[in-house]
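Undergrad: Generate the whole structure from the sequences, applying the supplied hints.
Chain order of the listed sequences is E and V.
Using numbering that gives the first Met the number 0, the letters of the first sequence correspond one by one to residues 0 to 300.
Using numbering that gives the first Met the number 0, the letters of the second sequence correspond one by one to residues 0 to 300.
It is worth saying that the hints were derived from the structure and are not from the lab.
Using C-beta positions, here's what the derived DEER-type ranges look like:
hint, chain 1, residue 1, chain 2, residue 2, range
1, V, Gly25, E, Gly121, 32 to 40 Å
2, E, Gly188, V, Ala139, 48 to 56 Å
3, E, Thr161, V, Asp260, 26 to 34 Å
Remember, predicted model here, so these are calculated numbers, not experimental data.
We put the CB at the ideal spot given by N, CA and C, even for glycine.
2 protein chains.
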Amino acid sequence: MSSPVLVLVTRPSGATVPSSGPGADGAGFALADPGLPHISVLDLGVTRGDGIFESVSVIAGVAPAIEAHLDRFAASARALDLPDPDRTVWSRAFEAAVAAHPDASTGANLAAKLVLTRGIEGDGRPTGWIVVQVARDFTAQRENGIRVVTLDRGYRHDVATTSPWLLQGAKTLSYALNTAALREAGRRGADDVIFISSDGFVLEAPTASVLLREGDRFSTPSAELGILPGTTQRRAFEFFSAEGFDTDAPRLRASELARADAVWLLSSVRQAVPVIELDGRPLEADFALTRRLNAHLATTH
Amino acid sequence: MSSPVLVLVTRPSGATVPSSGPGADGAGFALADPGLPHISVLDLGVTRGDGIFESVSVIAGVAPAIEAHLDRFAASARALDLPDPDRTVWSRAFEAAVAAHPDASTGANLAAKLVLTRGIEGDGRPTGWIVVQVARDFTAQRENGIRVVTLDRGYRHDVATTSPWLLQGAKTLSYALNTAALREAGRRGADDVIFISSDGFVLEAPTASVLLREGDRFSTPSAELGILPGTTQRRAFEFFSAEGFDTDAPRLRASELARADAVWLLSSVRQAVPVIELDGRPLEADFALTRRLNAHLATTH
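TA: Set out below in structure tokens:
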């Protein structure tokens, strides 16, 4: 497998004075060696998880949802009072990172990660970078489905409104509890997690949106519940609408998950993965429909 | 001000095979240049806030609470399923980092940060380091007090028991919401925050324990509430016991905060800071007692 491509974004926001060094050119970004360390032990991204990210799927060199990802990146920055990412610099840095990857032209699936941190404490200058790697192969999950457990997310459904400092709905680097939840799923013999609010509403998976089918209606939990607006979920809804199905984003009770005709997890790189077991009970999965949905998600327009 | 001292802990856990390079010696740690980057953009400490830390106060070259901090560091590692920190290596690395600081022998207050991350994704080898710096001067906060607002922490008081995957009570690198809460305090004209559980119990501050006085009784919220057991709070209780006061760690209602005779925030480096205003209402502060308490916290035994 080819090694990752790293681009350091030396001018991540309009207000940023570029740091000195090899990246301090007019473009605002520069290729760097991913095998070398580039982050200071004093960077608030690592000392406090104080930063944001996006994971972007790149198919045959094209990222169909890049604009939606850049929108969400900017929204996350606002939620954390970080400087606005310079969209032009990030767009060009992203294109340069993808173009520099040897597998971009082979049709391989790549995964790009965009990261912006608050930077070194006291510096007042954010740190930004993009890593592009060959995507992990999720074919088996797409073809065979996954087992999921529901776990309490601890928060009420309305905390994003009542308590914005909890940063629900922002994609922050403070993700330790998401990985802890996935380890808990493993202990329970499952592959993934669907979080439920403390008052019983379906939220999201640690790294994916949730999709339910009931008859001809496809639903995802409302983004008002303090969850991430899913870029892949949006593309999935375009597919279902074009197929003549109804789509909506209501509040969904945990009990509706168990009664659903089918459940999927949706995310950029993994695409649509059918849930074949929920809290130990088998769920029906429509593998033919999943294949058609994933073919749509893999289109580059 | 002298520059920070950095020690890379190359053998952070017993099971760790030391990495190659200058730190791969028998001691399991090595001094490094804090002005250079040492962390990979692929380290899970920065990409997912997946790691733990401790902040340790060093007074005249001595860290009176280091054993309690190493205990809590080990407990945080267990909560995150990280490998057990090698206590001998971390103790010696800590001593070496302090000894290497030019101000250790001058009686200056230093702040040490111990960090352990899950390491580079796929490597299976944790990353560890210690930074020692001159501590920020909190004299004004100790002498004049601070204004505090209460903010909803979003979780019920019992989530540490019901939902351990939320990692309450572990000191993780996923601290973005703590810094977001402090920014919210600033917007409200205050200096700091006391978190309240969604069901009305006093919890902790983003980087401190809470101490209440009612008559001759000094209380801190019970560690059963999913909060960090405070190393400074423990030393404060020793002081109050020796002074003949009662101490306890009950469940405290938010209403008890407003009724308290006095309130303090307690943390290693800042020590005891009196709260002079709570949610916009003035609170009595006993500055003479605060001074005696801080003199005790500054003793090195």
